[in-house]
Amino acid sequence: MSIQFKQRSILPGFGLTLGYTLLFLSLIVLIPLSALFFKTASLGWGDFWGLVTDERAVASYRLTFGASLVAAATNALFGFIIAWTLVRYDFPGKRVVDALVDLPFALPTAVSGIALTAVYAKNGWIGHYLEPLGIQAAFSPLGVTIALTFIGLPFVVRTLQPALADLDAESEEAAASLGASGFQTLRRVILPTVFPALLTGFALAFARAVGEYGSVVFISGNMPMKTEITSLLIITKLEQFDYPGATAIAVVMLAASFAILLAINLLQWLVARRKGA
Amino acid sequence: MAGTVALRAMTAPQRRGRALAGSSPWTKGLLVALTLGFLGLVLLVPLAAIFTEALRKGVGACMEAIADPAALAAVKLTLLVAAIAVPANLVFGLAASWAVAKFNFVGKSVLTTLIDLPFAVSPVISGLIYVLVFGLQGWLGPWLQAHDLRVIFAVPGIVLATVFVTFPFVARELIPLMQEQGQEEEQAALSLGASGWRTFWHVTLPNVRWALLYGVILCNARAMGEFGAVSVVSGHIRGRTNTVPLHVEILYNEYNFVAAFSVASLLVLLALVTLVAKSLVEWQARRSASLAAPLAGRVLSA
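Chains as they are written, first to last, in our numbering: chain A, 1 to 277; chain D, 1 to 302.
Isolated chain A (complex conformation) (with noise of 0.2 Å):
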């Protein structure tokens, strides 16, 4: 009895294309990202909790990870609300308002930054009418929490698109003919049906905002203990030459990525099963 690494197959070029695929996937991805976790090793565990538990580090995990979770929530609701606009009617200009969803992923981060700071500013379109109303948005948490609004909005509304297309109107007309009424088939039949996929959007959405740093270093206002993320605290210890900081803060947000990824993927896991069963 023999097991086969590979099935027989009469197609030439597994060797070179696998072996090339390995080869340039270690060099560009695996050993420069293992650099990141033999630099903690090296660290030892004492130091390393005192790093990453530093009285600042947790003040901008709060802030990072409070920010995100509200943008992700917000999506959430708003993306609902989008996708089932973009799916269920139809309306003049439709196919441009449906391929402007994707501007937050085509225009570069920086940009995004500096164009938020300018509207939510004091002295900005939208911001100088909230100044009046005694609310600070550029330079405070909650233009962080704009700016991370901004980059999710694709994720739930391109995760939702697809579940909300494959909604099974009969199921729908059964329940209205049962006189639920709107509200009702939405609480009832729709939202159980399309929850994973808005759970998974929003996830993505909270994965992505956890990460981000160029639309929120501009309209943050960078202040240690208050308005500064955990990205953009790596970068300051990177500059005063605290590699051993940066480098455990940067395990820990690895750390949280990867673990909000397998939620995701975990997730597609069981509606792919419920699917199939």
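BS3-like mimics (lysine-lysine), calculated; alpha carbons at most 30 Å apart, straight line: (1) Lys108(D) - Lys6(A); (2) Lys76(D) - Lys278(D); (3) Lys122(A) - Lys226(A); (4) Lys94(A) - Lys278(D); (5) Lys278(D) - Lys28(D); (6) Lys122(A) - Lys57(D); (7) Lys57(D) - Lys76(D); (8) Lys94(A) - Lys28(D).
I should point out that these hints are in silico values taken from the structure, not numbers from a laboratory.
The hints should help you fit chain D onto chain A, whose structure is shown.
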């Protein structure tokens, strides 16, 4: 289910009108207005602000900022970086998708996950890992210094960081599509006597051309617009290691807002061209049914 809905007497037209949730004109009007309002406020207002700020002192000042030698050097560097990173990831994407999609081997799903890994790493960390390898205190730092080579705070570092952040774009478009297409056509070509290369050029490549183009468009947009990763490795040397996004940052931090927004509007044009090209390719691909998986599969791609 707990809440069984009571059957109510309804006339037929009433029932048809209410068949699908949210089909009343009032609901439709409200939701369309909310969508347009939210997107207008969140997306269009910032977009308009960039052009307004750029033209605040007239077209002349805007053009002057773009024609500035430092700005032109930044444009040149950005084009150079994209000209290396995009082909590198294109070749990688083709090799990886051929190996993964056309053959069955142990560890295939692990390999696919590893290819997607750079999307899970935040931009700043993507730059940091290269500093840890090539920086002065890094693994190769002493050796590089002894041979008078620079990677970090120089162009090679910028290229490497860009290749990293755009790594999965082409591969993740090609792998699912090539898996779906199977290998019958290739087998037919080979059994008719075509060589491996000929089969690849004349059978496989035409079948995946739209997906390939789609991947290249997204890869290029990210390569030219990347900020965080490049910012960590560049060192911000004006005229030498500044890409366009980094040049925008410098101008902005110097309170030279007109110049910053003028150069930024170049990047906005790039983004708009990307969106149009992407929509055209999606449309073409849908016609020839050659783009794998619904759009949802690609949400991670930016």
